[in-house]
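Novice: Residue-level listing of the chains:
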Amino acid sequence: MDAITITDVTKRFGSFLAIDNLNMSIREGEFFSMLGPSGSGKTTTLRLIAGFERTTSGTIELAGENVTDKAPFERDVNTVFQDYALFPHMSVVDNVAYGLKVHGVDHAERYDRAHKMLDLVQLDSKANNKPRELSGGQQQRVALARALVLEPKVLLLDEPLSALDMKLRQQMQVELKQLQRDLHITFVFVTHDQQEAMVMSDRIAVFNKGRVQQMGTPAEIYNHPANSFVASFVGTMNFIPETIVTANGFPAGSYTIRPERIVFVDADDNPDMVTAEGQVTDCIYLGTEYRILIKLTTRETFTVVRPVGETVPERGGEHQTRMA
Amino acid sequence: MKQRAKKPVSSFLYNHPTLHRWALLVLPVGWMALVYIVALIALLITALWSVNEYTGAVEMTWTFDNLIQAFTDSLYLTVTERTLFIAVLATVIDIILAFPIAFYMARMASPRARKLLVILVSTPLWAGYLVKAYAWRSVLSGSGVLDMILRPFGGHSPGYGLFAVILVEVYLWLPYVITPIYTAFEQVPESLLEASSDLGARSGVTIRKVLLPMIVPGVVAGSIFSFSLSLGDYIVAGIVGGKTQVLGNIIYTDVGVANNSPMAAACALIPIIIIGVYLMLVSRTGALKRL
Chain A
1 MDAITITDVT KRFGSFLAID NLNMSIREGE FFSMLGPSGS GKTTTLRLIA GFERTTSGTI
61 ELAGENVTDK APFERDVNTV FQDYALFPHM SVVDNVAYGL KVHGVDHAER YDRAHKMLDL
121 VQLDSKANNK PRELSGGQQQ RVALARALVL EPKVLLLDEP LSALDMKLRQ QMQVELKQLQ
181 RDLHITFVFV THDQQEAMVM SDRIAVFNKG RVQQMGTPAE IYNHPANSFV ASFVGTMNFI
241 PETIVTANGF PAGSYTIRPE RIVFVDADDN PDMVTAEGQV TDCIYLGTEY RILIKLTTRE
301 TFTVVRPVGE TVPERGGEHQ TRMA
Chain B
1 MKQRAKKPVS SFLYNHPTLH RWALLVLPVG WMALVYIVAL IALLITALWS VNEYTGAVEM
61 TWTFDNLIQA FTDSLYLTVT ERTLFIAVLA TVIDIILAFP IAFYMARMAS PRARKLLVIL
121 VSTPLWAGYL VKAYAWRSVL SGSGVLDMIL RPFGGHSPGY GLFAVILVEV YLWLPYVITP
181 IYTAFEQVPE SLLEASSDLG ARSGVTIRKV LLPMIVPGVV AGSIFSFSLS LGDYIVAGIV
241 GGKTQVLGNI IYTDVGVANN SPMAAACALI PIIIIGVYLM LVSRTGALKR L
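These protein sequences, in sequence, are chains A and B. The first sequence begins at 1 in the UniProt record's numbering and counts up one residue at a time. The second sequence begins at 1 in the UniProt record's numbering and counts up one residue at a time.
Source of the hints: derived by calculation from the structure; they are not laboratory data. Among the hints, erroneous ones may be present.
Simulated DEER-style distance windows between Cβ atoms [unchecked claim]:
#: 1; chain 1: A; residue 1: 10; chain 2: B; residue 2: 113; range: 24 to 34 Å
#: 2; chain 1: A; residue 1: 104; chain 2: B; residue 2: 213; range: 49 to 59 Å
#: 3; chain 1: B; residue 1: 19; chain 2: A; residue 2: 308; range: 15 to 25 Å
#: 4; chain 1: B; residue 1: 189; chain 2: A; residue 2: 291; range: 34 to 44 Å
Treat the numbers as computed from the prediction; the structure is a model and nothing was measured. Positions of the beta carbon are idealized from the N, C-alpha and C atoms, including for glycine.
Pulled out of the complex, with its shape left as it was, chain B reads as follows:
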């Protein structure tokens, strides 16, 4: 007979598979519940409180004023529009840039070049976010590298502002868009493209009817990253945006300067709603199912 060490915990868990599963999930589920759901509910509740005009203290008197102001006041509407514009444009540009890069990496580059490109694409992720943002501040400054390059051609640095914000957002989130599109391109079996050609489709038709539909989930995944990250970002606007304000700046000001956390909470619901609507639209296309 083989001697076996007694492992009471292991055998108990083996005999209680449901408990086993719960033991595995209790930490991550608990964490998610605490950090996301409880925080979200707290945010919603805070948005319904008010601030005492004289003392500045938060009072638990219920009001819809903050929400009404956040969703109707022209200042908030303008900033929301601008933030949305930045996020959409950055996402669209990222997708346009990522497409040829991802296609080349997945379907044209040699295996060696592919590995190198994957490393190169992910290299910027190793640098700190702030470092990169400040690097762009220096590049875009009146006497920066960009200005030096453009001056001989009669140009000059666009300086800080809306354009700079979009440029830096595009730069920051590009790796997050390239990676899922690259993976999607890579996962399309060669035989599908051959089958399309075999059935009489020219390359253009094969790309349109077979290749592109199959990478839609990858594009959607990439767009979720770049869209939500741009939408929530306010540091870039602070560093290279000049006077450009985005939703994040307003929320930051409401909390830090105006000491009006109910207003900030009301404001913070705007991007949450936008992302929610976006995810709903995306899931309607069925792309999430194929992620």
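The shape of chain A in the complex, shown without the other chains:
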């Protein structure tokens, strides 16, 4: 059975159409990401699942149970908020025990479980501190512990890593993924960072303008984007100009190529390759790879990524570019 089933859901805020007839199923135990730019409807979808917003029309089911008209406290999902939303007047352990307390778990058991959960996120030493005494990354873990201590079927995460610095974010991405695998909980993760979505997710739904543009595994979305929005939003994409398409004998249409699929060759040696000519405008060294910007003779700019170790053209040089 699917963990979450969203059927024909529309959400309007006044005249603004936030979600436009959304249909989506999230499988039990998967790490599911909702990816999109701000205002694309991904956070609204999360809030609809949590129950913070009510649908304008359509139904939401959690594990087969229709929860469309249920309040957040009646739904077996928990949320990690973007700003963590820790209660400032309570200690860390009281924050984690709060959900158990309102569920009527007795004192000894709830503190036992709260401490265990804090131990899991390596923060039991801070149990008696106030949230404001913790760093951003630590607060984030407390928020996670507070949501997980209730052992929900589904954990909703609203851009929880966006306030952390890059190093910590990458570390947390791996930890979250491991946690999800160990606990067998369905994670629904909202992010605007395509790389983050790629790293963690089993499946990704790409949102834009209140609609799901594409849903699939990271590889499917990266290699077979359903439309030009997905192609340009997920990773870098070069859109091949019409003149090059027809010059190489292809039927007219829209073609794209990923930066890492482009190689630099001598045009005359490889007559079977699609070629384009251009001038290198910039060559950026990124440690593991070069990112090369090329202005084609047809005026479009292409991005090419080549691994370090390969000979790359220098800035200003005239080069012919091959595209496989």
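Use these hints to put chain B onto chain A, whose structure you have.
Specialist: Okay, now just chain B, sitting in the frame of chain A:
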């Protein structure tokens, strides 16, 4: 090269940051020291002087008689009790009234209605204190508006007295209580209430466990205003209090009529001590830290 005008004072201050800070603070700190601390010490010293029974002149002979009288004499004790009663009751009523208003303004009203309400709440502050007190005198008078309204129902104006004093104190300080409570309500992030609900708490529990604890500092701030302002007020008692006397009236009489400023000073220490004790109790709850 860019030409720069020479600013010797600015660059001197820039290079001496401590001096900079002192230059900024010397006026307000000096003012506070003079007006509050020196005045307070002067008050304490005055309370230890005595008045010549025949000439009425203040003599610098040291005595604890004034203080002993102020803190043990049944007249002073009764008036202190009454003043405290008025201040506490006015504060409690103000908080009870301010709560729903502040909650509605901060969390329920539309942005437009909120702006309007903020203006409406602060409007009374534009009118002079005396004007408002006299307005209530007229409202409460035997042939006043209140009497006219109540008469068809068999009622009549409560007239001047203790009740009127409390009523007017409540009215006067209400905006000072609404404003900090409103700000406190407004500053509670929506996500905290959502988080509470998300963790399984019904609305009542969320209000009790999350919303109310977070607005305690606002309530404390409001109560400090209404409590200290009511405690020190004597003009309202003079205007609508009838025969009701509060500490301020006694102090006023001691200075103005009896010409006994040492006694007045001793008396004036009573509300200062009460406020001091109140602030100490409040700071023990930790609410001041979160103001």
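Novice: Now look at each hint and say whether the structure bears it out.
Specialist: Hint check results:
The beta-carbon spacing between residue 10 of chain A and residue 113 of chain B, approximately 29 Å, falls within the hinted interval of 24 to 34 Å. For the pair residue 104 of chain A and residue 213 of chain B, the beta carbons lie near 20 Å from each other, so the given range of 49 to 59 Å is not met. For residue 19 of chain B paired with residue 308 of chain A, a C-beta distance near 55 Å fails the hint of 15 to 25 Å. The given range of 34 to 44 Å is respected by residue 189 of chain B and residue 291 of chain A, whose C-beta atoms sit roughly 40 Å from each other.
Figure legend: structure checked against the earlier numbered hints; hints not met, in rising order: 2 and 3.
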